[in-house]
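Novice: Chain residues, written in single-letter form:
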Amino acid sequence: RKEVEQDPGPFNVPEGATVAFNCTYSNSASQSFFWYRQDCRKEPKLLMSVYSSGNEDGRFTAQLNRASQYISLLIRDSKLSDSATYLCVVEYGNKLVFGAGTILRVKS
Amino acid sequence: EAGVVQSPRYKIIEKKQPVAFWCNPISGHNTLYWYRQNLGQGPELLIRYENEEAVDDSQLPKDRFSAERLKGVDSTLKIQPAELGDSAVYLCASSSTGGDTQYFGPGTRLTVL
Chain A
93 RKEVEQDPGP FNVPEGATVA FNCTYSNSAS QSFFWYRQDC RKEPKLLMSV YSSGNEDGRF
153 TAQLNRASQY ISLLIRDSKL SDSATYLCVV EYGNKLVFGA GTILRVKS
Chain B
2 EAGVVQSPRY KIIEKKQPVA FWCNPISGHN TLYWYRQNLG QGPELLIRYE NEEAVDDSQL
62 PKDRFSAERL KGVDSTLKIQ PAELGDSAVY LCASSSTGGD TQYFGPGTRL TVL
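If you read the sequences in order, they're chains A and B.
Taking the working numbering, the leading residue of the first sequence gets 93, the next gets one more, and so forth.
Taking the working numbering, the leading residue of the second sequence gets 2, the next gets one more, and so forth.
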């Protein structure tokens, strides 16, 4: 079983749609959680951290369920510029473990 | 502020040849990471440095890979000899000590023929 599992997609959605990505992790000792965004042939960039209480940054909302070892990312009012790969990332022991990513394509 | 710098951006070599990648982290960042990213996968950690000390190299294939960060600033990752399966993007990242956020460089895309 992979340490961090994501649906690879692609998710093809129209502009303005709401889309949600899910991620599960296997190590219950994981301490910190993140979503990174990676554009085609570019480096990953931090999108947002994920907190147990849930957190929101504009159109993006992240949720963490420690009991189920499950992380989610919700994007509202999708823009063309949101098209990218979204990487679920889990940290334990000062080490980041990346999922394989979920591809999002937003179309006009 | 300058980000993480990596060179070269692209490298094409024949198998069994040596290759080296260079990384200069963000100024003041004591922690430096080397990752390998295969197509369709997330980055996988190869080695982590705290200043000049390699504190986690458990995923580094030591038979052919080596790394150094002699003065605790820039770093070099070497492969000798390269194999076809080493074709990937090699990413360098840095963070401040105790900091959560890792900042990635643009990567070196290696193709082994």
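Calculated directly from the structure, the hints in this document are not laboratory data.
Any given hint could turn out to be false.
Now the stretches of chain B that chain A is said to cover, found in silico as 3 or more residues with beta-carbon under 8 Å [as the list claims (entries may be wrong)]:
(1) 14 to 26
(2) 44 to 55
Below are the DSS-like pairs computed for lysine-lysine, each with C-alpha atoms no more than 30 Å apart in a straight line [claimed, not checked]:
(3) B:Lys79 - A:Lys137
(4) A:Lys199 - A:Lys137
(5) A:Lys134 - A:Lys171
(6) B:Lys63 - B:Lys17
(7) B:Lys12 - A:Lys134
(8) B:Lys63 - A:Lys187
(9) A:Lys134 - A:Lys199
(10) A:Lys199 - B:Lys12
(11) A:Lys94 - B:Lys72
(12) A:Lys187 - B:Lys79
(13) B:Lys79 - B:Lys16
(14) A:Lys94 - B:Lys63
(15) A:Lys134 - A:Lys187
(16) A:Lys171 - A:Lys199
(17) B:Lys79 - A:Lys94
(18) A:Lys171 - B:Lys12
(19) A:Lys171 - B:Lys72
(20) A:Lys199 - B:Lys63
(21) A:Lys94 - A:Lys137
(22) B:Lys72 - A:Lys187
(23) B:Lys72 - A:Lys137
(24) A:Lys199 - B:Lys16
(25) B:Lys17 - B:Lys79
(26) A:Lys199 - B:Lys72
(27) A:Lys187 - A:Lys94
(28) A:Lys137 - B:Lys17
C-beta atoms are modelled at their ideal positions from N, C-alpha and C, and glycine is treated no differently.
Novice: None of the hints should be skipped; say for each whether it holds.
Specialist: Structure-based check of each hint:
Coverage of the region 14 to 26 of chain B by chain A is violated. Counting CB-CB distances below 8 Å, 0 residues qualify, and the rule asks for three or more. Interface restraint, the region 44 to 55 of chain B with chain A: holds (4 residues with C-beta to C-beta distance below 8 Å; minimum three). For the proposed pair B:Lys79 and A:Lys137, the alpha carbon gap of about 25 Å is at most 30 Å, so the pair holds. Restraint check for A:Lys199 and A:Lys137: satisfied, since their Cα atoms lie roughly 22 Å apart, inside the 30 Å limit.
Annotation: proposed proximity of A:Lys134 to A:Lys171 holds, straight-line Cα distance about 19 Å (limit 30 Å). Taken as a hint, the B:Lys63 and B:Lys17 pair is honoured in the structure, with Cα atoms around 16 Å apart against an allowance of 30 Å. Between B:Lys12 and A:Lys134 the CA atoms are separated by roughly 16 Å; this keeps the pair inside 30 Å, and the hint holds. At most 30 Å may separate the alpha-carbon atoms for a hinted pair to count; B:Lys63 and A:Lys187 meet this at roughly 19 Å.
Annotation: proposed proximity of A:Lys134 to A:Lys199 holds, straight-line Cα distance about 21 Å (limit 30 Å). Restraint check for A:Lys199 and B:Lys12: not satisfied, since their Cα atoms lie roughly 34 Å apart, outside the 30 Å limit. At most 30 Å may separate the alpha-carbon atoms for a hinted pair to count; A:Lys94 and B:Lys72 exceed this at roughly 36 Å. Restraint check for A:Lys187 and B:Lys79: satisfied, since their Cα atoms lie roughly 22 Å apart, inside the 30 Å limit.
Of the pairs offered as hints, the one joining B:Lys79 and B:Lys16 holds, with about 14 Å between alpha carbons and a cut-off of 30 Å not exceeded. Simply put, A:Lys94 and B:Lys63 have alpha-carbon atoms about 23 Å apart, close enough for the 30 Å limit, and the pair holds. At most 30 Å may separate the alpha-carbon atoms for a hinted pair to count; A:Lys134 and A:Lys187 meet this at roughly 21 Å. Straight-line distance between C-alpha atoms of A:Lys171 and A:Lys199 comes to about 8 Å, which keeps the hinted pair within the 30 Å bound.
A threshold of 30 Å between alpha carbons decides the hint, and for B:Lys79 with A:Lys94 the separation of about 28 Å falls inside it, so the pair holds. Of the pairs offered as hints, the one joining A:Lys171 and B:Lys12 is violated, with about 34 Å between alpha carbons and a cut-off of 30 Å exceeded. The straight-line distance between the Cα atoms of A:Lys171 and B:Lys72 is roughly 44 Å, outside the 30 Å bound, and the hint therefore fails. Using a Cα cut-off of 30 Å, the hinted pair A:Lys199 and B:Lys63 is violated, with the two alpha carbons roughly 45 Å apart.
For the proposed pair A:Lys94 and A:Lys137, the alpha carbon gap of about 22 Å is at most 30 Å, so the pair holds. Note on B:Lys72 and A:Lys187: the hinted pairing holds, with a Cα-Cα distance of about 23 Å set against a maximum of 30 Å. At roughly 27 Å between alpha-carbon atoms, B:Lys72 and A:Lys137 fall within 30 Å of each other, so this suggested pair holds. About 41 Å separates the Cα atoms of A:Lys199 and B:Lys16, which puts this hinted pair outside 30 Å; it is violated.
The straight-line distance between the Cα atoms of B:Lys17 and B:Lys79 is roughly 13 Å, inside the 30 Å bound, and the hint therefore holds. Of the supplied pair hints, the one linking A:Lys199 and B:Lys72 is violated, its CA atoms being roughly 48 Å apart against a limit of 30 Å. Proposed proximity of A:Lys187 and A:Lys94 is supported: the alpha carbons are some 15 Å apart, at most 30 Å. Between A:Lys137 and B:Lys17, the direct Cα distance comes to roughly 33 Å. Violation of the 30 Å bound is thereby established for this hinted pair.
The structure fails to meet hints 1, 10, 11, 18, 19, 20, 24, 26 and 28 from the earlier list, while all remaining hints are met.
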